[in-house]
Amino acid sequence: MTVSQSQRGKSYGGVIDQLVAGEWIDPTTKAPVKLPIENIVIEASLDGHEADLIAHLHRGKSLLIVCDEITRDVLGERLYRALKPLGKVEEFIWKKPRCSDEGVAELMEATRGHEALIAVGSGTVSDSVKYATFQDGREYSVFPTSPMNAYTTPTASVSSSGMKKSITCHSARGVFFDLEILAGCPTRLIRAAFADVVCRTTAQVDWLMSHLLFDTVYTPTPYTLLAYDEEGLLDHAGELTSGSLDSLAMLTRISTIMGLGTIFTGTTHSGSMAEHMISHCIDMFAGAAHPGTSHGEQVGVTTLTLSALQNQLLGAEAPPQIRPTEIPVGRLTERYGPEFATMMAEQAGKKAIDGAMADRLNKKLSDNWAGFVAPLREAMLPFSRLQEPMAAAGCQQNAADLGLDPAFYQQIVSDGRFTRDRFTALDLADDSGLLTSFVSTHC
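Residue numbers (my numbering): 124 to 566.
Hint data in this document are derived by calculation from the structure and do not stem from the laboratory.
Just so you know, these numbers come straight off a predicted model, no measurement behind them.
By construction, the Cβ of each residue, glycine as well, lies at the ideal position given by its N, Cα and C atoms.
Be a bit skeptical, because a hint or two may be false.
As the list claims (entries may be wrong) - In silico DSBU-like pairs for lysine-lysine, Cα to Cα no more than 35 Å straight-line:
(1) Lys473 to Lys157
(2) Lys287 to Lys157
(3) Lys487 to Lys153
Stated by the list, open to error - Beta-carbon label-pair distances, calculated as ranges:
(4) Asp544 to Asn485: 18 to 28 Å
(5) Gly355 to Pro309: 19 to 29 Å
(6) Asp140 to Asp406: 34 to 44 Å
(7) Ala233 to Ile148: 37 to 47 Å
(8) Ser555 to Asp196: 50 to 60 Å
(9) Gly236 to Ala514: 42 to 52 Å
(10) Phe337 to Ser284: 26 to 36 Å
(11) Gly556 to Asp140: 41 to 51 Å
(12) Gln258 to Lys133: 36 to 46 Å
(13) His172 to Ala233: 27 to 37 Å
(14) Arg508 to Ala144: 31 to 41 Å
(15) Pro498 to Gly307: 33 to 43 Å
(16) Val452 to Gly236: 47 to 57 Å
Required output: the full structure, derived from the provided sequences and hints.
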């Protein structure tokens with residue numbers, strides 16, 4: 124992508140510029156939303172502006188630029204040259220980045236003595252810097268090298284004792300997107316970023332359904348913000364890898380807001396429900412058979428699976444008949460071992476439905492099924508509205524596209540509900556005796 128002179132210096136932040144300025148009014152609360160991130164910039168090119176952006180946020184601090192060998196070539200070396208005039212600037216090229224307990228400990232040791240870290244992509248580097256600086260009380264900012272949503276969230280995805288955990292940390296002081304850099308990232312990463320954000324609809328339906336059934340907390344703010352660009356992004360998904368600055372900017376804005384969802388809601392529920400639970404299962408249990416697919420690629424496929432399930436459940440003329448939850452400890456132990464089975468049983472137990480609750484829920488649904496599904500159908504997109512743009516963008520569509528054994532995928536769709544205590548369409552389907560048939564025909 125070639126950036127024209129007229130495009131340079133122009134903001135592509137849209138509603139995000141209003142959020143940063145504190146000028147966006149939440150229609151639900153009637154109050155302006157305040158972000159902990161001091162500055163988020165989305166421009167066609169930031170070349171020549173890097174020093175001004177960083178000096179404003181980290182004035183007088185000793186800086187260390189953290190990148191891996193790839194992101195150094197993409198942006199890190201340029202950033203180092205740009206920031207060098209600020210003084211007290213060094214760089215650390217992390218040769219084997221990994222966002223794990225061990226990797227973050229290594230990063231903390233390697234970066235001691237520097238007051239602020241500047242992460243240069245990728246998600247692994249960004250999350251590692253985020254978690255490391257949170258633990259030792261330092262500041263950080265980030266220059267992303269792909270349009271994914273991890274950069275603006277205050278959580279880090281950390282591997283700990285074989286489990287992937289979402290750990291609440293802190294937010295960056297500044298997040299600076301250079302669209303010219305993002306356009307040059309591998310096509311696979313752009314597709315994965317798009318696949319990762321289409322889960323808005325499945326996550327919202329799951330979270331809203333839990334709220335309607337159990338009166339759990341629900342906050343619509345992120346969905347109000349995502350609505351500014353979602354239709355346009357879906358309509359122009361086929362242009363994402365063709366050099367369209369406007370399409371890439373839309374994806375970047377949506378990814379940014381998806382990441383901010385945790386800030387707006389105090390939870391990751393707004394963008395991470397059953398579709399993410401299944402994706403985490405792939406990472407946890409595929410072992411040597413893991414095809415090396417990324418988080419975003421997997422979430423795209425699992426989102427399509429959940430969309431099909433939600434449309435089947437909520438598009439029905441009559442409600443499903445809920446039964447008490449059965450936790451198959453023996454099956455889980457056989458498949459995943461006693462340690463994981465115990466963890467899964469504990470998570471499932473927190474949301475398990477007993478006989479009395481099943482009776483109450485069945486009465487509630489039978490008395491007003493139309494009223495119950497109306498707001499869910501409004502939030503839910505038709506399956507084709509997701510599948511067609513994903514196909515246009517060149518994203519994977521199913522387990523085989525990911526390189527997964529379809530039998531393994533059927534297994535983890537069946538068992539994914541047991542990995543977290545969040546009530547989702549997987550729980551409703553399984554507790555109604557409908558999940559097994561769905562899995563056999565749709566996975």
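Checked hints:
| no. | hint | in the structure |
| --- | --- | --- |
| 1 | Lys473 to Lys157 | holds, 33 Å |
| 2 | Lys287 to Lys157 | holds, 30 Å |
| 3 | Lys487 to Lys153 | holds, 32 Å |
| 4 | Asp544 to Asn485: 18 to 28 Å | holds, 22 Å |
| 5 | Gly355 to Pro309: 19 to 29 Å | holds, 24 Å |
| 6 | Asp140 to Asp406: 34 to 44 Å | holds, 35 Å |
| 7 | Ala233 to Ile148: 37 to 47 Å | holds, 44 Å |
| 8 | Ser555 to Asp196: 50 to 60 Å | holds, 52 Å |
| 9 | Gly236 to Ala514: 42 to 52 Å | holds, 50 Å |
| 10 | Phe337 to Ser284: 26 to 36 Å | holds, 31 Å |
| 11 | Gly556 to Asp140: 41 to 51 Å | holds, 49 Å |
| 12 | Gln258 to Lys133: 36 to 46 Å | holds, 38 Å |
| 13 | His172 to Ala233: 27 to 37 Å | holds, 28 Å |
| 14 | Arg508 to Ala144: 31 to 41 Å | holds, 33 Å |
| 15 | Pro498 to Gly307: 33 to 43 Å | holds, 41 Å |
| 16 | Val452 to Gly236: 47 to 57 Å | holds, 50 Å |
Checked against the numbered hints above, the structure breaks none of them.
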